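**Q** What follows is the residue order along each chain.
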Amino acid sequence: MADALTQLGFASWLSVLIASIIKVTLILVGGSVGMMFLTWYERRAISYMQDRRGPNRVGPQGLLQPISEAIKTMTKEDATPREADRIVHFLAPVVMLGATVLSFAVIPWGRMFPVDLNAAVLFVIATGGLHSIGMMMAGWGSNNKFALLGGMRGVAQLISYEIPQVMAIIPVVLMTGSMSLQKIVEAQNDFGGLGWFVFSPVGLLGFALFFTASLAEGERTPFDIPEADSEIIAGYMTEYSGMKFAVFYLSNYMSNLAVCFITATLYLGGGNGPGVDALGGFAGGLLSLIYFLLKSFALFFIMVLIRATVPRLRVDQLMGFAWKFLLPLVLVNILSASFWVALLRWDQQWPQLTEWFGAPSTADATNWGRLAIAVVLTLLINAGAVALIMRLTNRNVQKHLYTTDEELALGLS
Amino acid sequence: MTLSHLATEDVFVVERNDADFRAGQGMTKGLGIVFRKFRKALFGKPNSDRADTEGQFNVQYPEERLVLPEAYRNMPILLYDDATGHELCTSCFQCERICPPQVIHITQAKDPATGKPVPAAANFVLEYDTCMSCGYCAEVCPFDAIKMDHDFELSTGNHPELDVNYDRLLRPISYYEAIAPTMWSDVKEQAMKKLQNNIKRRPGAIGRDHGQKVKGGAAVAVAATPVAGAAPAAAAKPRGPVAAIGKNMPEEKVAKLISIRAANAAKRGGGDAGAAPVAEAAPIVETVVDTPAASAAPSGPVAAIGQNMSEDKRAKLEAIRAAKRAQRGE
Amino acid sequence: MALLARGELRSILQTEMPNALDTRWDTQATDQPEAHGEGQTILLDFDAVVKAEALVEVAHFIRDKFGYTLLSNITAVDYLKQGLIEVVYQFYNAAEGGPDLRVRVRIGRSPEECIVPSLTPTWPGADLQEREAYDMYGVVFPGHPNLARIYMWDEFKGFPMRKDFPKTGDKYTHVTGE
Amino acid sequence: MLKTEELQINIGPQHPSTHGVFRMLVTVDGETLVDLKPVFGYLHRNHEQLGEVNTYLQNMPFTDRLDYFNSMVNNHAYARAVETLAGVEVPERAQYIRVIMDELSRILNHATAMGFMLGDMGAWQTALLWGMREREKILDMFEYVSGARMMCNYCRFGGVVRDIDDWFITELKKLMQGLPHYFDDFEGLLLNSEILLARARNIGVLPKELALAYSVTGPVLRGSGVAYDIRKAEPYAVYDRFKFKVPVGTVGDVYDRFLVRIAEMRESYKILEQAIEQLPDATGGFINPKVKQQSLKAPAGEAYARVESPKGELGFYLVSDGSGSAYRYKVRAPSFINLSSLADMCKGYSIADVVVILGSIDIVMGEVDR
Amino acid sequence: MNPIAIGVFIVIALLTLGSGIMVVTVRNIIHSALWLIASFIGVAALYLLMEAEFLAVVQILVYAGAVSILVLFAIMLTRQVTGEGVRVVFERWWVALLIALGLFGVIVPTLWQHGSTWEEASKLAQVGPAPVEGTAAAGLQVATATEIGRSFMGEYLLPFEVISILLLMALIGAIVIAYEERTRRRRVLTLAEELALKKRGIVEPRDAEGAVVALDSEQA
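Chains as they are written, first to last, in full-length UniProt numbering: chain A, 1 to 413; chain B, 1 to 330; chain C, 1 to 178; chain D, 1 to 370; chain E, 1 to 220.
Hint data in this document are derived by calculation from the structure and do not stem from the laboratory. It is possible that some hints are incorrect.
Restricting the straight-line Cα-Cα distance to at most 30 Å, the calculated cross-link-like pairs of lysine-lysine (DSBU-like) are [as the list claims (entries may be wrong)]:
#1 B:K29 with D:K37
#2 D:K245 with D:K173
#3 D:K208 with C:K65
#4 C:K157 with C:K51
#5 D:K270 with C:K167
#6 D:K292 with B:K193
#7 B:K116 with B:K193
#8 D:K37 with B:K188
#9 B:K40 with D:K173
#10 E:K198 with C:K163
#11 D:K37 with C:K157
#12 D:K174 with B:K29
#13 D:K297 with C:K167
#14 A:K145 with A:K23
#15 B:K188 with D:K245
#16 A:K145 with D:K37
#17 D:K297 with D:K37
#18 B:K40 with D:K174
#19 D:K270 with C:K163
#20 B:K116 with B:K29
#21 D:K37 with D:K173
Ranges between beta-carbon positions, derived for each pair [unchecked claim]:
#22 E:F73 with A:F199: 38 to 44 Å
#23 A:E355 with E:L103: 51 to 57 Å
#24 D:L25 with C:E113: 51 to 57 Å
#25 E:K199 with C:G83: 26 to 32 Å
#26 D:K173 with B:D186: 25 to 31 Å
#27 D:Y42 with C:L80: 44 to 50 Å
#28 D:S295 with E:K199: 55 to 61 Å
#29 A:I22 with D:L25: 42 to 48 Å
#30 B:T8 with A:W323: 32 to 38 Å
#31 D:K297 with B:K193: 42 to 48 Å
#32 E:G173 with A:G30: 44 to 50 Å
#33 E:G173 with A:E355: 44 to 50 Å
#34 B:V13 with D:L25: 33 to 39 Å
#35 A:I22 with E:G102: 46 to 52 Å
Computed from a prediction, not measured in an experiment: that's the story for all the values here. Note that the Cβ used here is the ideal one computed from N, Cα and C, for glycine as well.
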C-alpha cells in the first residue's frame, strides 16, 4: 500500500505513515466487529444448545444486540472503589486491550497479512502473555480480596499454560522451517489446498494441545477460573463497571477471536482450501477469507460447545492438567515432529534415508512411501504417549478419601 | 447397620463407575448430546407438546402468550352485573376475615334514610402491594362477588396506586365470564339468585354507585386488549396452557370478539335481571369498537375506568334509570 | 434395638433410670388429655419428661439401647401460664423407621432456670436448632460451641417467640431507648 | 519455614452461588478452607410467630413461602399436621392427588437443584435450563389445578382445593412420555463427564457413621449410604401402596448426592406411573366435606407430621390450645438442619469446593431463615 | 535513515529511560515493578525498531510476560498481600549508581567498536546471508532465530549447557524446598480423615497437628 502511495507522489515517510494508519484502523475495526459478532454468535449458539432462543430483539435476529449493550455499558456509572489504586485500576483494562490489539498486528485474515513478522507466531503468544500484567494490575489495583484472588489465579494460569502453548507450536515451526505465519500458510497449500497440518498425526495432536492451552489462555470454560463467578464473583473484574468492564469484555472476546484465527492459520491451513489458487486474484482472496472465517468460527463453535457442556476445573486440577498432562504430550509431539521432518525432508543430513525410501517429496512428486512411514511412525508414538499419560492420570484419581490405614498414613506424612 | 424397616430389594446402591478407564469418553458423550440439542433446536420444530424434550421451549412474551388456566389467580377483583350495574358484594366481611395478610378493608353501606346497614359495600379497599394472591377471598365469598383476576401486568412506579379502591376493583360479570367461563357457569345461577335477593334490600343507588359501570365496565373488558386482552380471547380456544403457545390475534379481531361477548353477556345478564333495554346494549358495542386506540395508552385497565368516568357520567345515569324502569316494569 | 411405643419410654426410665424423670408430673396421666377450654394454654403430654441435667444421659441411653440415632427436631414451647418452657427432642430410629420418640425437658422461664445441657457434642446436627431455641426462646445450652443469635442480630434484646414478647411496636428501640 | 497467612473471606450475602442471602464467613489458608461460619437471618420473617397468630387455614399460603420450589409438598406436610391434630379423615383420591403433586415436585426440585449445583461448578447453565424446561411443564400443570405456579396453596384440611380432571391426567401422561428422555439426556450430559468426576468425587464427604449424628435427612443422608426414606420408614398418604426403591450412595460425597438425586427422579417417575394407574375415581370426592375449613378448631394437644420433601424431612410440630389457631407452630425445615453439616463437610477442601458442597446440600433460603 | 524511525526511536528511548528512572524512584514497590514492565516493553520496542524481531518477541514473552510477573508475585507473597509497603530507600544508593555507570562504560565502547553510526549498526544487525561459522560476524548477527540457534548450538554450546544445568539445578532445588514446606505445613483434616483417625484411635478429632505427630511417632 505504501508503494502505491509513493507512486501517487507522497513522500516516502508520509506514505508509510498513511498506510500504517489505514492498516491499523482496518484491523481495529475488523477486530471489534469480529468481537461483536462473536458475542452474538456465542449467545445465540449457546441458547440453541439450551433449547432457548437467545437475543433476538435488537435488529434482525438480534444482530445489533452487542451494539445496544455497548451503549448500555458506556452510559453506566463508572465506579472506582475509594481505597483502590486509582491509576493502576484505570490502566488495567487499557493494558489488557492493548495487548490484545497488539496481537492483531500479525494475525492474518485469510491470505491478507497485516505485517509479516519473522517471529509472528511467537509474537502472538507474547502479546497474549501481556494479559497477565493487566490481570495483575486489575486484581491488585481494585483492593478487593476476590479481585486479588482472581488476579493471582489468572496470572498463574496464564504463565502455566503459555509453556504448553508455545511448545505446541514447535512441531509446526519444525515442519515449516519458519516462524512466519505467511510461510506457515504457504506450507499447508499442498494437495490442492488441503495439505493442512491437522491431517497429519503430529499436527492433529498439536492442534488438540494448542487449542486446549489456548482455551486456558483465553479463559474459556473449563479453564475460566480467573473469573469463576460461582467462587470468586468475577475475579479480577469484580470492581469494574461501565466502560472499563466493557473494555475487559472486549479484550476477552478479541483474544478469543485471535486464538481462533491463529489456530485456523497454524493447523487448518489459514485461507487455504480447494479452489483458492485456481481462482486467484481478488476472487481467490475473497474465497480464502471466507474459508478462513468459516474455519475460525467453526473453532469458536467448539469453544461454545465446550462451554455449554462441561463444568470448570478447580485451580489445583487446572495446574495439574497443564504440567502433568499437556506438557509431557507436547514434548512427545516435538519428538514425533522431528521424526516426521526427518522422514519427509532429509536427504543430505542422513543420506541412508534416501537410499532406503527414495528421494523426499517435492512440489511435483509426492513420495508416498516416505509419507506412509512417517504417518505410521508418528501415529504410533503419539497414540502410545496419549494412552500412557491417560493411564497414569487414571491411576492418580484423587486420594482425598483415606479408606485404608496405608493411604491415611501416606496422605498425612 | 441393619435396615429392618426396608426390604433388601427396596434399596439399591447407585453406580459410581469408580474403576472405569477414563479417556474423555464421558465428556465426548456430553458434547454429542449438546450438539444434538443444538441441531434439533435450530432445525427442528419448537417444543410445543408436553412430551417434547427437544426444540426451543420459550415463548416470545409480549407477542405470544400462554393461555392462563381458568383457575389462575392473580389479584382479586369485584364483580357487578352488566345489565343493572348492581355490585355483587354485600359486605359480609367473610373475605376481610379470612385474608391472611389482612389487606381487605370494607366499609358497609348504610341506608341514608334509616341508618341501617344495607347489603352493599360503601367502600372496598384492597392493598394490591401486600396481597399474596392466595385466593381465599374468592374461595370463601358466599355471593361470588370477589374473584381472582387474570391480569398480571400490574407493575407501576406509583406505589400508592396499588391501594385499589372500590371503583377500580369493579369488573363486569361478562369480563369474568370471558376469562373463566366454566368456573362462572358453575356458580352463575346461585350467584344471580342471591344478587336478586340483595337488590331488593338496597334502596336508591346504593350498590350501584361506584364507578362508571355499564359503559365503563365494557371499556374495562376492552381496555385490557393490549395487556390482558389475550386472555379472554384465548378463552375461546381449547383449554390447556401448552396448547396455548398461539400467535397473537390481530387487535381489532380481539376487540370485536370481546365486544360481541360483552354484548351477549349483557343481554344474558339483562335477561336474568329482567328486561334489558336494547338501548343499553348498543352503547356497549360502540364503546368497544372505539376503545382499542384509547386503550393502547399505557394507562392499563384500571386507570381506564377513571379516565372514561367523567364523560360517561350521563350515560351511566341513563343506564341506571333504564334499569330502574325495567325493574319497576317487572 | 427396638421401637418404643408411645409412653413406653416413661415406664422403662422408671425402672432403669429413676432419677432421670422429672417427678413433677408423675401423678398425672400419661396419655389422657384433660378437657380444656378454648384459649387455655395446656400441658398435655407427660410422656418421658426428664430432668434437664439428665437429658444427655437419657439421650445416649435411648440411642445406644434402642437405636434412636437420628435427632430430628428440637422444639421449644413457651407455656406462659404455667411459667414453663418445654424443650421437645424428637428422636427417630433410623434402622427400623417408625414414629418418633419424644423426650421433654421442662424448665422455668427465668434466665437462671432456663438452662438445658447441649446435645451438640454428640449430635452436631443439634447445633443450629439449639441456637434457634436460644435466639427465639432464650434457652441456654451450656456446652454448645457457639451459642450466638442465629436469626436476630447480635445486639437484639429479648426473645421474640416468647409469649410475653410484645407483638406490636419496636421492642428493640424501646429497650435501648433509641 | 515460611508462615502462610490465613485470610478471611466473606462469601455472601450477595454472592452468585450462595443460593440467596446466605453468608459464609470463611477462613482460608491458601486455598484450603480452615473454618467456615454460616451466618443466617437475612431473610428471617418470623414465620413461626405468624403461624401462631393466623388461623390454621390462613397459615396455609404462608407455608408456600418456605421452600418455594416445593409449595405442594409444604402444603401437604402442613395439612397433614393439622389433620393429625384435628383428627380429620382424608379421602383416598385426595391422598393420591397429593402423592402425584409431591412426586412432580420432587422431579422439578431435583432437576433444578442439580442444575444449580452444576452451575456452581461452572457448567454454563445447560443442565439447569433443561431442568427448567421440565419444571415449566410441571408448573403449568400446577397452575392449572391450583391457580398459581409456585405459591400453589393447593391442600386443604381433609383434601385438596380442586380436583384434577382428564386434562390434567392426559397432560401428565404426555409429560411422562418425555421425562425419560430428559433423564437420559441429563445423565449423558454430565454423569460421566471427566471434569465433573474430578470436581465431585470424594469432595465434601459426609461419612455414613456421622451422617445421622449431623441430623441430615433426604438425599444428603441417603447419599451417605443410610437408606432412610420417610416414605418407607413411616409411610404416609398412600405411599405404602407403591413399589419403589430407595437409592443410596456409598461414599457420601458430592457425586453420591448427585447420583442419588438422579436416581430419585427415576423412582418418582415409577411412583407417578403407579399413582395414575391406581387413582380412584371421583366418587369418593377430593375433599372431606365435613371439615369446616375457615373455622377449624383443633382439640387441645400436640401433633407432629412429616413428609419426605425433596430436600429431606419436612415436619410441622403443632401445639393446640383448642382455639382456632396454633399455640405453637414449628417448622422442621430440612435445608436448615442439613446446613448444620456444611461447616464440617467443607473443612480441608478448597474454596471452589465449598460452593459445590453447598449446592449439593440443596438449600432454599426461604426455608432456612423462615 | 528514515526520519520516522528516528522519531520513534527517540520517543521510545525516552520512555524506556523515563520508566527506568521511575523504577528506582517511586515509593510504592508494586508501582515500581509495574514501571519495570514498562521499561522492558520499551526495550522490546527498540529491538523491533532494529528489526531484531525474534529478540523483541522473546523480550516481551520472557521479561515483560514472565519475569516481571514473578517479581510481582514475589513482592505480593513475601510482603503484605496487598503490597502496601513503602519502599525504604537504600542508604548507599551511590554504590548502585557506580555499578550501573561501570556497566554502561563497558557496554557503550563495545557497541561503538562494531559500528559507530546508526547505519552501520543496523546493517550489522540485519538479516544477512547465512554466516560462515567461526567468523567474527557470526557472533554478532544475532537478529534472527536461526542465528541465535546456530550460535547456541555452535560457538556458545558449552556456556549454554552450563547455564541450562545450573537452571535445572535451581529448579529441582526449588521444588524440593517447596515440597518439604508443603508437607510440613499444618493440614486441615477433612471429616472423613478425622473419622478414619478416630477409628484407629490415634487422636481426638479436630487436632491436625496432633494427628501428624502421632502418625510420625507411630512410623518411627
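**Q** What are the numbers of the hints that this structure violates, sorted from low to high?
**A** When the structure is compared with the hints, numbers 1, 5, 8, 10, 14, 15, 17, 19, 20, 21, 24, 25, 27, 29, 30, 31 turn out to be violated.
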